[in-house]
Amino acid sequence: MKVTQEKLPDSQIGLEIEIPAETGKKAYETEVKTLARTANIPGFRKGKVPRPILLQRLGSRYIKAITLEKLVQTSVEKALKQESIDSIGQPTLSSALDELVDNLNQVNR
1 MKVTQEKLPD SQIGLEIEIP AETGKKAYET EVKTLARTAN IPGFRKGKVP
51 RPILLQRLGS RYIKAITLEK LVQTSVEKAL KQESIDSIGQ PTLSSALDEL
101 VDNLNQVNR
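Residue 108 in UniProt numbering is what sits at position 108 of the sequence shown, and the numbering runs on without skipping anything.
No incorrect hints appear here.
Below, a list of computed lysine to any residue pairs in the SDA-like style, where the Cα atoms sit at most 25 Å apart: (1) Lys7 - Val72; (2) Lys46 - Ala36; (3) Lys25 - Arg37; (4) Lys78 - Ser94; (5) Lys25 - Ser95; (6) Lys2 - Ser84; (7) Lys48 - Thr38; (8) Lys7 - Lys78; (9) Lys46 - Gln56; (10) Lys7 - Ser94; (11) Lys26 - Glu77; (12) Lys26 - Gln82; (13) Lys33 - Lys70; (14) Lys25 - Lys48; (15) Lys78 - Asp98; (16) Lys25 - Ala96; (17) Lys25 - Leu100; (18) Lys33 - Pro20; (19) Lys46 - Tyr28; (20) Lys70 - Pro52; (21) Lys48 - Ile63; (22) Lys46 - Glu29.
Note that these hints are calculated values from the structure, not bench results.
Take these sequences, add in the hints, and give me the full structure.
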């Protein structure tokens with residue numbers, strides 16, 4: 001994970017976090033497996049939903065959004081620890097979540 005630090009006004013710090021494509025793919029696959037175990041889809045026993053049905057019912061974009069939320073959260077925590085930064089407030093994203101989902105779409109092709 002590559003982290004670039006930038007000083008911003010008002011005692012703020014900007015972090016650009018570059019997550020390797022392989023990490024994104026692994027996180028997506030983990031999320032699909034988790035959802036397949038926990039999804040309650042009519043006609044299938046819990047934990048027995050086939051992957052294509054899961055993707056069709058929930059939608060690939062929805063699964064990618066969930067994956068990104070978790071990936072961003074863990075990556076920010078790791079970056080703060082890696083750069084030895086004590087955060088007072090909540091971190092905010094400078095990119096829209098839709099833009100990040102689109103980037104994940106390009107990685108998973």
